[in-house]
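Novice: These protein sequence lines are chains B and V, in that order.
All residue numbers for the first sequence refer to full-length UniProt numbering, where the first residue is 1 and numbers rise by one.
All residue numbers for the second sequence refer to full-length UniProt numbering, where the first residue is 1 and numbers rise by one.
Misleading hints may appear alongside valid ones.
Simulated crosslink set (PhoX-like; lysine-lysine; CA at most 20 Å straight-line) [as the list claims (entries may be wrong)]:
1. B/Lys111 - B/Lys132
2. B/Lys132 - V/Lys149
3. B/Lys3 - B/Lys197
4. V/Lys284 - V/Lys21
5. V/Lys284 - V/Lys35
6. B/Lys73 - V/Lys171
Treat the hints as calculated values from the structure; they're not laboratory data.
Below, each chain spelled out in residue letters.
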Amino acid sequence: MKKPELLVTPTSVSHIDELAEAGADAIIIGEQRYGLRLAGEFSRSDVAAAVETAHRRGMNVYVAMNALFHNDKVDELADYVAFLAEVGADAIVFGDPAVLLTVRETAPHMKLHWSTETTATNWYACNYWGRKGAKRAVLARELNMDAILEIKAHAEVEIEVQVHGMTCMYQSKRSLIGNYFAYQGKVMEIERKKYEKGMFLYDKERDYKYPIFEDENGTHIMSPNDLCIIDELGDMVEAGIDSFKIDGVLHTADYITEVTKLYRRAIDLCTEDRERYEREKEELLAAVEALQPPHRRIDTGFFFKETIY
Amino acid sequence: MLVKNDRISEIVDGKRVIVKKPELLAPAGNLEKLKIAVHYGADAVFIGGQEYSLRANADNFTIEEIREGVEFANRYGAKVYVTANIYAHNENIPGLDDYLRALEEAGVSGIIVADPLIIETARRVAPRLEVHVSTQQSLTNWKAVQFWKEEGLERVVLAREVSAEEIRQIKENVDIEIEAFIHGAMCSAYSGRCVLSNHMTARDSNRGGCCQSCRWDYDLYQLSDGREIPLFSEGDAPFAMSAKDLNLIRAIPAMIELGVDSLKIEGRMKSIHYVATVVSVYRKVIDAYCADPDHFTIRDEWVRELDKCANRETAPSFFAGFPDHTNHMYGTHSRKPTHEFAGLVLDYDPETGIATIQQRNHFRPGDEVEFFGPEIDNFTQVIETIWDEEGNELDAARHPLQIVKMKVKRPLFPYNMMRKEN
Ligand code: SF4
Numbered sequence: 001m002k003k004p005e006l007l008v009t010p011t012s013v014s015h016i017d018e019l020a021e022a023g024a025d026a027i028i029i030g031e032q033r034y035g036l037r038l039a040g041e042f043s044r045s046d047v048a049a050a051v052e053t054a055h056r057r058g059m060n061v062y063v064a065m066n067a068l069f070h071n072d073k074v075d076e077l078a079d080y081v082a083f084l085a086e087v088g089a090d091a092i093v094f095g096d097p098a099v100l101l102t103v104r105e106t107a108p109h110m111k112l113h114w115s116t117e118t119t120a121t122n123w124y125a126c127n128y129w130g131r132k133g134a135k136r137a138v139l140a141r142e143l144n145m146d147a148i149l150e151i152k153a154h155a156e157v158e159i160e161v162q163v164h165g166m167t168c169m170y171q172s173k174r175s176l177i178g179n180y181f182a183y184q185g186k187v188m189e190i191e192r193k194k195y196e197k198g199m200f201l202y203d204k205e206r207d208y209k210y211p212i213f214e215d216e217n218g219t220h221i222m223s224p225n226d227l228c229i230i231d232e233l234g235d236m237v238e239a240g241i242d243s244f245k246i247d248g249v250l251h252t253a254d255y256i257t258e259v260t261k262l263y264r265r266a267i268d269l270c271t272e273d274r275e276r277y278e279r280e281k282e283e284l285l286a287a288v289e290a291l292q293p294p295h296r297r298i299d300t301g302f303f304f305k306e307t308i309y
Numbered sequence: 001m002l003v004k005n006d007r008i009s010e011i012v013d014g015k016r017v018i019v020k021k022p023e024l025l026a027p028a029g030n031l032e033k034l035k036i037a038v039h040y041g042a043d044a045v046f047i048g049g050q051e052y053s054l055r056a057n058a059d060n061f062t063i064e065e066i067r068e069g070v071e072f073a074n075r076y077g078a079k080v081y082v083t084a085n086i087y088a089h090n091e092n093i094p095g096l097d098d099y100l101r102a103l104e105e106a107g108v109s110g111i112i113v114a115d116p117l118i119i120e121t122a123r124r125v126a127p128r129l130e131v132h133v134s135t136q137q138s139l140t141n142w143k144a145v146q147f148w149k150e151e152g153l154e155r156v157v158l159a160r161e162v163s164a165e166e167i168r169q170i171k172e173n174v175d176i177e178i179e180a181f182i183h184g185a186m187c188s189a190y191s192g193r194c195v196l197s198n199h200m201t202a203r204d205s206n207r208g209g210c211c212q213s214c215r216w217d218y219d220l221y222q223l224s225d226g227r228e229i230p231l232f233s234e235g236d237a238p239f240a241m242s243a244k245d246l247n248l249i250r251a252i253p254a255m256i257e258l259g260v261d262s263l264k265i266e267g268r269m270k271s272i273h274y275v276a277t278v279v280s281v282y283r284k285v286i287d288a289y290c291a292d293p294d295h296f297t298i299r300d301e302w303v304r305e306l307d308k309c310a311n312r313e314t315a316p317s318f319f320a321g322f323p324d325h326t327n328h329m330y331g332t333h334s335r336k337p338t339h340e341f342a343g344l345v346l347d348y349d350p351e352t353g354i355a356t357i358q359q360r361n362h363f364r365p366g367d368e369v370e371f372f373g374p375e376i377d378n379f380t381q382v383i384e385t386i387w388d389e390e391g392n393e394l395d396a397a398r399h400p401l402q403i404v405k406m407k408v409k410r411p412l413f414p415y416n417m418m419r420k421e422n
């Protein structure tokens with residue numbers, strides 16, 4: 001049975017070897033100037049080093065250019081794309097069609113992964129971006145298992161599904177944290193604090209805590225729980241889903257490495273010895289639970305949830 | 001920052017006039033609102049059908065109603081666009097072909113869409129429909145706009161995050177119609193990139209289920225060595241993502257000079273009083289500017305008029321630059337408009353000076369009311385006697401939609417409105 005790729009997010013160049021040991025097949029990296037919500041910040045020289053390390057370990061490297069770009073950055077996209085082609089990145093992750101046009105003009109052989117976080121919701125749209133040049137579609141996190149399997153059945157592109165970690169609920173261009181400090185009159189705190197990590201919004205009504213952070217791309221609000229479906233991979237493996245992603249944004253390198261090991265085991269068992277996977281998957285789930293930081297629970301996201309509208 | 005562009009204005013008899021007048025595009029949540037919007041001066045309206053449209057809660061049009069709306073609008077030379085701007089799921093695919101064909105047959109001018117599924121299906125099955133890219137695509141740069149131009153689409157609605165300068169650059173780089181928001185509520189997130197309601201209420205925001213979770217209160221904390229430190233003090237208003245409503249009345253001249261093709265008012269859920277008030281103000285602003293751009297000033301009365309129906313504070317958002325904290329609502333969520341809709345004029349008898357009015361909110365003899373409408377200058381008067389349809393004198397008009405008669409001091413026309421101060 002075909003093994004889906006295990007795609008993970010290193011926090012730094014030095015983390016990559018560890019993730020290779022842990023069993024990752026591919027990594028996604030980048031810098032916030034072009035990419036959204038990354039686990040680590042990779043400058044150009046980091047990207048070059050990361051590609052070298054990853055390729056030496058037999059891993060693919062995908063670089064994030066999935067920000068929503070304003071005119072001021074359009075002209076520099078070509079230079080970054082050319083750089084990525086030169087250092088041998090294996091694919092560019094994009095959402096904004098400006099990137100797609102730039103890649104066509106600058107590096108037509110570069111692979112493209114279409115990823116807009118929330119809008120890859122049906123198989124037709126995935127194939128549409130496939131016809132425009134994408135090799136892969138990264139599905140919206142708000143889909144349930146049946147919808148994912150149906151998309152895969154109709155897809156003419158590779159399908160990537162996030163199986164673990166935080167998901168983004170909201171991205172605003174606005175400086176919401178900085179503005180709140182300004183409103184409170186804490187002028188001194190704005191520059192010092194607004195980019196700090198570890199902030200969250202507390203929702204009294206639901207007793208949920210939503211991580212929130214600000215960066216060059218605006219304000220991001222994240223899911224209250226970490227998605228984890230390490231024990232529910234069977235149907236997707238059978239359907240031939242091409243890539244399983246562990247998103248490590250706002251988690252530590254150790255956490256990402258340990259979770260990667262567990263998913264490596266889950267994928268191997270699921271493809272090589274399905275019965276044993278079924279027997280051991282509860283243990284794998286318990287092992288993930290044991291890794292969770294105190295304030296982060298796990299749940300199954302939208303995989304088994306009905307949403308109405 | 002006005003760009004002098006000869007295609008936009010010309011000198012006629014020694015005076016500059018605007019020759020490229022933008023379309024004024026208004027929301028219409030149902031047939032009555034459509035008629036009001038068109039009657040009050042909208043060049044086009046956008047409506048939602050019963051499927052594929054965000055605003056699952058708006059009463060939304062049946063195909064029959066769409067046909068009737070198109071006929072009404074056409075009599076005024078106005079266009080009807082239908083929003084079909086959901087991000088569809090697999091289960092929404094069946095039925096789409098028939099729906100789009102029905103829209104085309106009903107005489108709709110175009111559809112406003114975000115999902116490539118709907119874009120390409122429309123091209124295939126209903127080629128006479130113009131296709132406009134919705135703001136749900138969050139188009140923020142000229143190159144993204146160029147992509148959709150190359151796909152053959154007629155118009156794009158820009159992301160609300162672009163500034164005046166960015167609109168100018170987009171116009172310079174790409175020859176495509178641009179639609180931009182000028183007034184109304186807005187997402188504080190990049191449109192299409194918010195799923196708060198999915199998480200908090202299991203309703204899919206990108207298919208119309210948004211519960212405006214961004215307007216709720218949250219408390220901001222910081223986690224530090226396992227301790228949760230509040231980043232607010234006793235008495236501080238809670239953290240807010242909520243954005244003030246957009247109001248670009250002062251920017252209309254700039255938008256016209258930039259060559260923006262369509263100026264869009266948001267709010268399909270708003271009342272007919274809101275639609276009438278906002279549309280008539282912007283109608284006046286656009287007409288006055290286009291007639292004599294070099295001697296134009298914004299009149300205070302227009303600004304005050306908008307306040308008469310505004311239930312939230314307003315701000316210019318990104319158009320003028322990067323929004324600071326004064327663009328957000330902290331602690332408060334709404335405010336009372338200065339005025340309240342009291343009645344809709346159905347008829348007027350010039351012989352007797354008596355108007356027939358449908359009640360929309362309580363009023364009684366002695367109340368001071370204001371009348372407005374496209375045919376008249378606003379005027380106020382004190383209500384004298386009120387009669388019911390049988391001619392019985394009433395102490396008040398207390399029932400919703402009740403038909404009453406009263407003497408008015410100046411001529412009125414059907415669809416004129418009566419409001420009173422709050
Ligand atoms: S919750 Fe707010 S930002 Fe999100 S979709 Fe709704 S209105 Fe827009």
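Novice: Now tell me, hint by hint, if it's right for this structure.
Specialist: Each hint, compared with the structure:
1. Distance hint between B/Lys111 and B/Lys132 is fulfilled; the C-alpha atoms sit about 12 Å from each other, no more than 20 Å.
2. Taking the CA atoms of B/Lys132 and V/Lys149, the gap is about 14 Å. The hint holds against a cut of 20 Å.
3. Proximity of B/Lys3 to B/Lys197 is assessed by CA-CA distance (about 36 Å); at most 20 Å being required, the pair is judged violated.
4. Taken as a hint, the V/Lys284 and V/Lys21 pair is honoured in the structure, with Cα atoms around 13 Å apart against an allowance of 20 Å.
5. Restraint check for V/Lys284 and V/Lys35: the C-alpha separation of about 18 Å stays at or below 20 Å, so the hint holds.
6. This hinted pair checks out: B/Lys73 and V/Lys171 have alpha carbons roughly 17 Å apart, not beyond 20 Å.
The earlier numbered hint that this structure contradicts is number 3, and it is the only one.
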